[in-house]
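**Q** Please construct the entire structure, taking both the sequences and the accompanying hints into account.
Here are the chains, one letter per residue:
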Amino acid sequence: MTRVTKAWSFAVATLVVATAPSSGAQVTRPYFDVQPMGVAAPTTASASLGLGSGLFWQTSRSAAWLRGSAELFGSSLAARTFDGELRSALRQLGPLDLGVDSRAQLDVPREGGRYGLVASNLRLGTRSPNYGLRVGAGALAARVPGYAILAPSAQIGGWFRWLGVSASGDFAMSSRPGIGTIDTVVARIMPDTGILVHTDSGDQRVFNGPQTQWIPVKLRQSQRLVFNEARFALGARFYGVLVDGTGGLLFSENRGTRAHAMLTATRWITPRVAVTAGAGQRVIDPIGGLTQRSLVFGLRLAPQRVSSGVVDAPNAAASQLTVSRLGDHVRLSLRIPGARHVEIAGDFTEWNPVTLSQERGDTWAVSVPLAPGVYRLNVRVDDGAWMPPPGVSRTVDAYEGTVGVLVVS
Amino acid sequence: MTFIVFRRLTTIAALVTFALPTCRLAAQSAQLSAKLPRETALEVTRLIDSARALSLPTDPLVGVALEGANRHASAERIVRAVRQYIGALHSARDVLGDGALDAEVVSGAGAVLAGVNTSVLRELRAARPKEPLTVPLVVLADLVARGVPLDTASRAVYVAARARARDADFTLLRRFIEQDISAGASPAAATSLRLRNVPGVTPEDLQTQLPVTVPRRPNP
Chain A
1 MTRVTKAWSF
11 AVATLVVATA
21 PSSGAQVTRP
31 YFDVQPMGVA
41 APTTASASLG
51 LGSGLFWQTS
61 RSAAWLRGSA
71 ELFGSSLAAR
81 TFDGELRSAL
91 RQLGPLDLGV
101 DSRAQLDVPR
111 EGGRYGLVAS
121 NLRLGTRSPN
131 YGLRVGAGAL
141 AARVPGYAIL
151 APSAQIGGWF
161 RWLGVSASGD
171 FAMSSRPGIG
181 TIDTVVARIM
191 PDTGILVHTD
201 SGDQRVFNGP
211 QTQWIPVKLR
221 QSQRLVFNEA
231 RFALGARFYG
241 VLVDGTGGLL
251 FSENRGTRAH
261 AMLTATRWIT
271 PRVAVTAGAG
281 QRVIDPIGGL
291 TQRSLVFGLR
301 LAPQRVSSGV
311 VDAPNAAASQ
321 LTVSRLGDHV
331 RLSLRIPGAR
341 HVEIAGDFTE
351 WNPVTLSQER
361 GDTWAVSVPL
371 APGVYRLNVR
381 VDDGAWMPPP
391 GVSRTVDAYE
401 GTVGVLVVS
Chain B
1001 MTFIVFRRLT
1011 TIAALVTFAL
1021 PTCRLAAQSA
1031 QLSAKLPRET
1041 ALEVTRLIDS
1051 ARALSLPTDP
1061 LVGVALEGAN
1071 RHASAERIVR
1081 AVRQYIGALH
1091 SARDVLGDGA
1101 LDAEVVSGAG
1111 AVLAGVNTSV
1121 LRELRAARPK
1131 EPLTVPLVVL
1141 ADLVARGVPL
1151 DTASRAVYVA
1161 ARARARDADF
1171 TLLRRFIEQD
1181 ISAGASPAAA
1191 TSLRLRNVPG
1201 VTPEDLQTQL
1211 PVTVPRRPNP
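Protein chains in written order, with my numbering: chain A, 1 to 409; chain B, 1001 to 1220.
The reader is advised that the hints may include incorrect statements.
What the hints assert, rightly or not - Here are the simulated SDA-like cross-link-like pairs (lysine to any residue), alpha carbons at most 20 Å apart as the crow flies:
(1) B:Lys1130 - B:Gly1099
(2) B:Lys1130 - A:Gly373
(3) B:Lys1130 - A:Gly84
(4) B:Lys1130 - B:Gln1084
(5) B:Lys1130 - B:Asp1167
(6) B:Lys1130 - B:Ala1100
(7) B:Lys1130 - B:Pro1199
(8) B:Lys1130 - A:Ser409
(9) B:Lys1130 - B:Asp1169
Read the hints as simulated data drawn from the structure, not as lab findings. Remember, predicted model here, so these are calculated numbers, not experimental data.
**A** So this is what it looks like as structure tokens:
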């Protein structure tokens, strides 16, 4: 196997075009978030450019993202990288949740060959408002140039929410004996850049210039493929800035342990425009252990404020909306464990989002002047989708969505 | 002296009578102008004026227009939604009677927009002539939105209304059905099951059919 280091890249997300149904973000409909972006990689002698795009899709039960990018060095295509993930809740089994988690990653260097990984696990997790544990089992399919394998996989992990911080972590194991011989693998070549290539035999070579390199690596017939990975994700809001962190460890019998981490901050400057910045080391090829240090800057335009959803945890389950009258005002309160930001919009706010204030514990509340009557309203937690408040009647609205209906007496 | 006081009071009453609606109209117009394109705001204001002339509640119409703006709906869609809502309010008012509360008319319009036939509203009014229908109609629209077939939802609310169920009973019925659906029960089965637990509903009531035929069309 190979590894390439000393390749700094600067990813500049220049434009994010978000699309949604014409009626806007709906409660029961998925919404999409497309993110074209540019990549610039200053090196010692030349700069590289790239283009990429991402697609984010979310419903109340599923979340998925897909990214693709093509890196250009000079006028030639250096590499294409695709990765994505789908998490979906299937059904409730008593106190447990059954779901599926699938991920895929593909790296196609210009020099040829493909590094790919597809893993899918069926998961069973506990259901509780603040924390959960899960176990899963499935299969992993991996491909390196000249060879493809299929191996069973297992997963154990958990998540928690505490004081506005949410985090998740999983450890995935996959192993298969006797994978045979891999004839050739290929290094990813960065033109005009010093490249350090590590082979399994311990050799290290330095290449310079735009050249194609095929590095033969022989594995013994009895050698096992071991692919173990620990992944972590963290989400928090500090002073209006949404901070997402991802990281992990890649374990391998052949390559040892390698760490990676990426930290991204997103600040919504208007309800539809956000700026993002991040830095870290991202995984380009998990099987090959190829990582790349990168900086990300971006501008994001979206029909609504959305969170990145890197934390693998169920949506925060809110308690029933509590309504109590205080003179000519009505106090609306919700208990939402782990929520970082709760908003409400309805007839009585002229459909302008109003932020609820956090009271003791996980309770969020707002007081509004309301006369007796029927009012329509929706709530939004952590920049997610607008939805009817729990415990409140709902109805279809004129825009093919669902809206909560509150009767104030 | 008495005449002067009377005249002043009459003047004040007249001012209040005419000034308050004018202020409200101005406020609604300002709300629409702030969120909608000028042409759309004018068209919606014209529609709301026509609704006001029919003595229909107008605040919900402003809400529908502003909700459309919040959802980034097109101008055409917003105008269409307001027009549909006026039609639903008008139908609900016709069926529930001129003496119906605004809240009843609004919740009735919600049920009509959800696909409930106006004849069901008429039967509900007959089954519960002296108590407000606001909560039963909100519950009916909720059940339809959750996937309960129209005829099943209409019949369940009608049976509960005939059994003199209170507003709190309707609210509990809705909540239990919601829980059952979340747990995997079919909406129709959950409704039939939970209707048995409504206070006052007897086994004979469960056999009661709606006096009107509800078209078996799919939920909107």
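**Q** Are the hints correct? Go through all of them and say.
**A** Hints, verified against the model:
Restraint check for Lys1130 (chain B) and Gly1099 (chain B): the C-alpha separation of about 11 Å stays at or below 20 Å, so the hint holds. With a CA separation close to 18 Å, the supplied pair Lys1130 (chain B) and Gly373 (chain A) stays within the 20 Å bound. Distance restraint check for Lys1130 (chain B) and Gly84 (chain A): the Cα-Cα separation of roughly 59 Å exceeds the 20 Å cut-off, and the hinted pair is therefore not satisfied. A distance of roughly 29 Å separates the Cα atoms of Lys1130 (chain B) and Gln1084 (chain B); the hinted pair therefore is violated under the 20 Å criterion.
Straight-line distance between C-alpha atoms of Lys1130 (chain B) and Asp1167 (chain B) comes to about 13 Å, which keeps the hinted pair within the 20 Å bound. This hinted pair checks out: Lys1130 (chain B) and Ala1100 (chain B) have alpha carbons roughly 10 Å apart, not beyond 20 Å. With a CA separation close to 19 Å, the supplied pair Lys1130 (chain B) and Pro1199 (chain B) stays within the 20 Å bound. Taking the CA atoms of Lys1130 (chain B) and Ser409 (chain A), the gap is near 17 Å; set against the 20 Å cutoff, the hint holds.
For the proposed pair Lys1130 (chain B) and Asp1169 (chain B), the alpha carbon gap of about 17 Å is at most 20 Å, so the pair holds.
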